[in-house]
Each structure stands twice: as structure tokens, then as C-alpha cells.
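Chemist: From first to last, the protein sequence lines stand for chains C and V.
Counted from 1, the first sequence has number 244 at position 244 by full-length UniProt numbering; the numbering is strictly sequential.
Counted from 1, the second sequence has number 217 at position 217 by full-length UniProt numbering; the numbering is strictly sequential.
Hints listed in this document are in silico derivations from the structure and should not be mistaken for laboratory results.
Honestly, I wouldn't trust all of these hints.
If several chains are the same, the list does not tell them apart, and a pair holds so long as it fits within one copy or across any two.
What the hints assert, rightly or not - List of simulated lysine to aspartate or glutamate pairs, DMTMM-like, C-alpha gap at most 25 Å: (1) LYS155 <-> ASP102; (2) LYS207 <-> GLU148; (3) LYS54 <-> ASP24; (4) LYS255 <-> ASP179; (5) LYS303 <-> ASP250; (6) LYS155 <-> ASP138; (7) LYS207 <-> ASP136; (8) LYS155 <-> ASP136; (9) LYS112 <-> ASP35; (10) LYS112 <-> ASP175; (11) LYS303 <-> ASP24; (12) LYS207 <-> ASP142; (13) LYS255 <-> ASP35; (14) LYS112 <-> ASP250; (15) LYS155 <-> ASP115; (16) LYS155 <-> ASP35; (17) LYS255 <-> ASP115; (18) LYS112 <-> GLU43; (19) LYS155 <-> GLU43; (20) LYS303 <-> ASP276; (21) LYS155 <-> ASP142; (22) LYS112 <-> ASP179; (23) LYS207 <-> ASP138; (24) LYS112 <-> GLU173; (25) LYS29 <-> ASP235.
2 protein chains.
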Amino acid sequence: MISSLWSNPTHLPTALAESAGAVDQLIDKLLTVPDGPEARVYEAMRYSAQAPGKRLRPFLVLASASLFGVSLTSALQVAAAIELVHTYSLIHDDLPAMDNSDLRRGRPTCHKVYDDATAILAGDGLLTMAFEVLADADTHGDPAVRCELISYMAKSAGAAGMVGGQMIDLQAEHDPTLDIGAITRLQRLKTGALIAFSCEAGAILGKAAPEVRRLLHNYAHDIGLAFQIADDLLDAEGTEEQTGKSVARDAEAGKATFVSILGLEGARKQARALVDQALHHVETFGPAAELLRQVASFVVERKS
Amino acid sequence: MISSLWSNPTHLPTALAESAGAVDQLIDKLLTVPDGPEARVYEAMRYSAQAPGKRLRPFLVLASASLFGVSLTSALQVAAAIELVHTYSLIHDDLPAMDNSDLRRGRPTCHKVYDDATAILAGDGLLTMAFEVLADADTHGDPAVRCELISYMAKSAGAAGMVGGQMIDLQAEHDPTLDIGAITRLQRLKTGALIAFSCEAGAILGKAAPEVRRLLHNYAHDIGLAFQIADDLLDAEGTEEQTGKSVARDAEAGKATFVSILGLEGARKQARALVDQALHHVETFGPAAELLRQVASFVVERKS
Numbered sequence: 001m002i003s004s005l006w007s008n009p010t011h012l013p014t015a016l017a018e019s020a021g022a023v024d025q026l027i028d029k030l031l032t033v034p035d036g037p038e039a040r041v042y043e044a045m046r047y048s049a050q051a052p053g054k055r056l057r058p059f060l061v062l063a064s065a066s067l068f069g070v071s072l073t074s075a076l077q078v079a080a081a082i083e084l085v086h087t088y089s090l091i092h093d094d095l096p097a098m099d100n101s102d103l104r105r106g107r108p109t110c111h112k113v114y115d116d117a118t119a120i121l122a123g124d125g126l127l128t129m130a131f132e133v134l135a136d137a138d139t140h141g142d143p144a145v146r147c148e149l150i151s152y153m154a155k156s157a158g159a160a161g162m163v164g165g166q167m168i169d170l171q172a173e174h175d176p177t178l179d180i181g182a183i184t185r186l187q188r189l190k191t192g193a194l195i196a197f198s199c200e201a202g203a204i205l206g207k208a209a210p211e212v213r214r215l216l217h218n219y220a221h222d223i224g225l226a227f228q229i230a231d232d233l234l235d236a237e238g239t240e241e242q243t244g245k246s247v248a249r250d251a252e253a254g255k256a257t258f259v260s261i262l263g264l265e266g267a268r269k270q271a272r273a274l275v276d277q278a279l280h281h282v283e284t285f286g287p288a289a290e291l292l293r294q295v296a297s298f299v300v301e302r303k304s
Numbered sequence: 001m002i003s004s005l006w007s008n009p010t011h012l013p014t015a016l017a018e019s020a021g022a023v024d025q026l027i028d029k030l031l032t033v034p035d036g037p038e039a040r041v042y043e044a045m046r047y048s049a050q051a052p053g054k055r056l057r058p059f060l061v062l063a064s065a066s067l068f069g070v071s072l073t074s075a076l077q078v079a080a081a082i083e084l085v086h087t088y089s090l091i092h093d094d095l096p097a098m099d100n101s102d103l104r105r106g107r108p109t110c111h112k113v114y115d116d117a118t119a120i121l122a123g124d125g126l127l128t129m130a131f132e133v134l135a136d137a138d139t140h141g142d143p144a145v146r147c148e149l150i151s152y153m154a155k156s157a158g159a160a161g162m163v164g165g166q167m168i169d170l171q172a173e174h175d176p177t178l179d180i181g182a183i184t185r186l187q188r189l190k191t192g193a194l195i196a197f198s199c200e201a202g203a204i205l206g207k208a209a210p211e212v213r214r215l216l217h218n219y220a221h222d223i224g225l226a227f228q229i230a231d232d233l234l235d236a237e238g239t240e241e242q243t244g245k246s247v248a249r250d251a252e253a254g255k256a257t258f259v260s261i262l263g264l265e266g267a268r269k270q271a272r273a274l275v276d277q278a279l280h281h282v283e284t285f286g287p288a289a290e291l292l293r294q295v296a297s298f299v300v301e302r303k304s
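Using the sequences and the hints, build the whole thing.
Modeler: What follows is the structure in C-alpha cells.
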């Protein structure tokens, strides 16, 4: 089913769609709704996890895993886990106490459809389930690989990574004085860390040498930042209809962003420079890294 | 330092104090506050994790681990992890969107001292860190043991355990029609699952036989329920000063509890019967289980 990704890795839209389909199918299975009154939290978890999305992080897991001959089963489990973590972070970030967003992935946010309490619990449940999926993952019988994945995912998602980045972001929200260094660090924590995990997961699964894993880390660092610059550009130039979420919120809040500091043209130039740099990092993988090359460009050219 | 627990396990107050001291010391190290604006979330995590508490769950880990000759280092890491998970659950449960509590462990709750957003993130950070601690734990070089701990902790804490229990509890809050079966199931998920993990963790670390682990599971089931009945009794009869948290909230809300269904005397009798049953389950361990026997009684006799 996701053969193009594994055996004929050339056409990005096909590969993205097939990867998303396979991950969604696994998530659907993981989120089977039980009988009993706890069903409500499962329904909220499903609602958010099954909302249409790019499934970029799972794709990065599969594409990087394909470089190292990792089995599809293993890669898919890690891909699903990272999407669960990403979904949890969206649900919590959207809460009234945080970014107070009504729209996400083209739908009302989780707390709008359910309520704040259910949304908090749904996020908690998704985060916890992600670790369960990794702990039970099929890693060719090697539990040390699972522990390494779990440790690295926790570091990337926790207070030293994504959670810390969101903490900085909340404080920076009304601070237009942030400089480019501070914004870069904020984004490296908030979105970069999980993207790095996604790109390196394949190397961990495939027990690649540290210097090879390092290349993917650097690639991830560059596309992660480019992704965020593109996000800032979409917030400044895109429509709600296009992006599926509220836009023009940064300027409204007087928030310092890559666009407010570099300007529209400067931000576009910087994003393209980062993509070029990312491509350079995966040169050594040759044709096998074709999808990683294409997705790097997709990250800045996307319209949602 | 925690020698009494390991070599002379007879005096519960000493063992509880020494176990709590050792766990608090490890948590203090884990929650070192970094430089940078993400410090705020670490401070909130510390504030809640270092609030005075019984540290019952970590104690159960250490006491059960002592039955199987598990090293203190291993047991302490698992003990710290479970206390991080417990603290996260308290922070999220206390939020205005959930139970809206102002007082916890004798102090203002996390969101009162910081704000709702920081409290949500602090909970997220603690939960994530708990998995990191387990993934990096010293398990005598056996990563399969770490994976088993992580998988079981995730199942106990997630939507099929604690998170699911809290979801049911929120819906049951204004429902005085719940029967004893429904309340028992609610509490088994909400508090019982993590107490079961705490009691079985030692058996997992010590690679005990399934039937031996089962005894601890049954012991945990009984003391977990007894613990909750004692909680209901404290809410009905205790003072805020004694318990360090808001009291008389169940009756105010017209909530069905063990006390509202069984009456004060009936609830007390039921709690004592559960403790007797729990003692029976650990008989076979002989004098080595002296602390587990004492803590079972402590659970229902405590005043906070």
C-alpha cells in the first residue's frame, strides 16, 4: 500500500498521501473507543487525531527510516506515536488558557466541540499513549532501541523541548522586542525538537552511525526553521480558508516573528536559504533521499 | 541513608520519611532550573513536585522492590517517575476547567501561584519527564525491563487508566445516582491503576514470576480502594487544615461517593475489610513484607 514510499521514492504527493493513509489507519486502530463513560475522552482524542492534516512528522519518520532498511511496521509505529504527540500539543496550545484558538485543521478546536476539561484530558491521553506505542513497538526484538526512542522523544517533547518552547512563546507573545536569536531558539525548542526527533527516528531504528544520524539532525534543524518561517508567512499572507486555522494573529498581538523582523521578502529569502542548506546535508544519501529533498522544498512552498 | 527501609524494615514512620527524603532529593536533581525564559515552567514543576506530601506511591515502589533484591538506584528512579506522574495529575485536576481547587498539599495550587497556561505546561512537562526518567533508568543493563515499566505506566496513567477515570469522575460529579459498582470502577481507574503500577514496579524490576506479581496487584487493588474510601471520609469529616486541601466538596456538589452510599460507619467498615484482604495477599512474603503490611493500615488511618 505504501509501496511508492519504499520502493519507488520519487513522487512526493503520492508518497505523502500513502504515508498519511497508513498512519491514520494505525491511529484509528489505537484509538478504538471503549464502552463506558470514559468513551468521551477517546472520542475527543479521535476527533483531533483524525482531523485532516499534512502528517508531516510521520512522513519524516517513514522517509528517514527508508534510508536504513527499517521495516515498515516499526517505522509506522514510531510515525503514529509522533503524530499523537503533535496532536496533543495542538489541543493544549489551542486551549483558552493558552492561544485560545477556535479553528484548527479546518475544524472547530477540541475544546470548542467538547469542553476545556475534556480537551486537557484528551491531550494528556494522547501524550501518554504515544509512549505506550513506542514501549510496545516492534523493533526487531531490540528493546534498547525502544528505550532510546522514548528517551529522545521525551527530551524533544518535554520542558527542555516543545513544552519549554511553548512556555517561552507565551511569554514572548506580547513582546515585540525579541531579536532573531531569541526567536530562532524559541522555534528550535517549540517545533524544531520534535521535527528533529522525526528525522532521526529512522536512524535510531536503523542503528545508523552517529555521524550519519547527525546529518539528519542538521537537515531537520534547517527544515524545522524553514517550516516556522513559512508558518509566519502564512499567518501574515494566508487566509483562514487556505490554512484551516486562524490567521493574522501575530500582527494583531504585536508579536515578534521572523516576518516582523526580516520583512516578507527577507523571510522568504531566509526560508529558501535554509532549504538549500538542508538539501546539502542529505546529499550523501544520493537518490535514496529523493523524498527528503522534495519535502524540504514542500515545507516552504505549502499553502496550508 | 534509607537503610532502615532496606535492611531493617520495621518502623513505618522512619521508612516513609527516609523514602520520601531520597525521592525528593532525586526529583530536586531532575528539576534543575535552566537559564532562559523556559525557567518559568521548571519553577512551576518544582513548586508542585516539592510541595510536602505523603509520597505514598514512591514508597510502594521502594517497599515492593525491597522484596526482590532490586538495587536502590533502580527503585528510586521508578519511584521518582511515579511521583512526577502523580504530581502532574494533581496539577491538571486542580485546574479551573477541572476540579477548580485553590489548595493542595497545604499550599495554593499551581495555577493560583503561576497561571492556568503555566500549570497546564508544568503538568505536561512532568508527565513527559516521567517517561524520560524510566527510559534512562538503570535497570541492571536490561532495557526490556524499562520498556515493560514504560508500557505499564502508560497504560495505568492514560485514557484506559487514570485519565479515563478522571473523565468519568468529571461526568459523575453532579450525578448522585451512581451505584457502588460504578464508583468502584471509577476509582479503580482514577487512583487504583497508578497504585497498582507502584506496587508491581518492584516485581517488574526484580523479574518476579507472574503469580508473585499478581499478589502485589491484588494487594494494590485493595489498598487503592481503601485509600479512596479514606479520602472520601476525610472529605466528609476532615478539616482543610488537617488535609491540606479543600474539604466537604463532595457533599456540596451532591456527588455520589463511598460515604454517601455506604454511610460513615459503613465506609469505615469497608475500608478495614479491604485492608484485611490486602494483608492476606502479602502473607506469603513473610517478615520481608512488614512495611507493606503497615502501610496498608496507614492508608486508612491517616489524617491527611
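Chemist: So, for every hint listed, does it hold in this structure?
Modeler: Here's how the hints hold up against the structure:
1. LYS155 <-> ASP102: neither (29 Å within a copy, 31 Å between copies)
2. LYS207 <-> GLU148: both (11 Å within a copy, 21 Å between copies)
3. LYS54 <-> ASP24: Within one copy only: 11 Å inside a chain, 43 Å across chains, cut-off 25 Å.
4. LYS255 <-> ASP179: within (11 Å within a copy, 52 Å between copies)
5. LYS303 <-> ASP250: within (18 Å within a copy, 51 Å between copies)
6. LYS155 <-> ASP138: both (21 Å within a copy, 17 Å between copies)
7. LYS207 <-> ASP136: Result: close both inside a copy and across copies, 18 Å intra and 18 Å inter.
8. LYS155 <-> ASP136: both (19 Å within a copy, 11 Å between copies)
9. LYS112 <-> ASP35: within (24 Å within a copy, 36 Å between copies)
10. LYS112 <-> ASP175: between (28 Å within a copy, 23 Å between copies)
11. LYS303 <-> ASP24: within (22 Å within a copy, 49 Å between copies)
12. LYS207 <-> ASP142: Both. Shortest intra-copy (11 Å) and inter-copy (18 Å) distances satisfy the 25 Å Cα cut-off.
13. LYS255 <-> ASP35: between (45 Å within a copy, 23 Å between copies)
14. LYS112 <-> ASP250: Classified as within: same-chain Cα gap 21 Å, cross-chain 28 Å, threshold 25 Å.
15. LYS155 <-> ASP115: Between copies, since 24 Å is at most 25 Å while 29 Å is not.
16. LYS155 <-> ASP35: between (34 Å within a copy, 17 Å between copies)
17. LYS255 <-> ASP115: So LYS255 and ASP115 pass the 25 Å test across copies only (20 Å; inside, 28 Å).
18. LYS112 <-> GLU43: within (14 Å within a copy, 30 Å between copies)
19. LYS155 <-> GLU43: between (28 Å within a copy, 18 Å between copies)
20. LYS303 <-> ASP276: Classified as within; 20 Å inside a copy, 65 Å across copies.
21. LYS155 <-> ASP142: Both. Shortest intra-copy (21 Å) and inter-copy (21 Å) distances satisfy the 25 Å Cα cut-off.
22. LYS112 <-> ASP179: Result: close neither inside a copy nor across copies, 34 Å intra and 31 Å inter.
23. LYS207 <-> ASP138: Answer is both; intra-copy 14 Å and inter-copy 21 Å each pass.
24. LYS112 <-> GLU173: Classified as both; 22 Å inside a copy, 21 Å across copies.
25. LYS29 <-> ASP235: neither (34 Å within a copy, 40 Å between copies)
Checked against the numbered hints listed earlier, the structure breaks hints 1, 22 and 25; every other hint is satisfied.
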